[in-house]
Amino acid sequence: MKVLIQRVKRAQVTVDGRSTGSIKEGLLILLGVHTTDTSSLIPWLVGKCVHLRIFPDDAGKMNRSVLDHGGDILVVSQFTLYGNAAKGNRPSFIESARPELAEPLYESFCEQCADLLGKPIQTGEFGAMMDVELLNWGPVTLDIEKRNS
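As numbered in the numbering used here, residues 17 to 165 make up the sequence shown, in order.
A hint or two may mislead.
[Stated by the list, open to error] In silico DSSO-like links for lysine-lysine, alpha-carbon gap of 30 Å or less:
#1 Lys162 with Lys103
#2 Lys135 with Lys25
#3 Lys64 with Lys77
#4 Lys40 with Lys103
#5 Lys103 with Lys25
#6 Lys25 with Lys162
#7 Lys135 with Lys18
#8 Lys18 with Lys103
#9 Lys40 with Lys18
#10 Lys103 with Lys135
#11 Lys162 with Lys64
#12 Lys135 with Lys40
#13 Lys162 with Lys135
These are computed hints drawn from the structure, not numbers from a lab.
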């Protein structure tokens, strides 16, 4: 599994003109699922996201997590994170998990994020064509991957 985490001042996802998720300060997490991923990866990755210290403390140093900051989380599924554009000009997505594997893992990731954060999170709509708007704060953007050994 791979996440692209962006610290945001605000973010919103819309599908067909309707908002499916919206947050103020917090994390926008784009989640990609690999063909070999299993649910065993989720607790580690969720813990890393929720406890990642990328919010400013009183001295302005990145020393607080989204949990410490009291921020929100918006999770969006994004199969293109496993796109491979090394050959040719059209990316290959053969490493991206098919929906029947990816959707339950995405849903479990979202549930575990909400549990660890201690409040509901916002989401996109799995498999939909989504418009994602954000104001990246910093900018701060990190990619984290956890794979089966």
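Unmet hints by their number, sorted upward, for this structure: Of the numbered hints given earlier, those the structure breaks are 4, 5, 10, listed in rising order.
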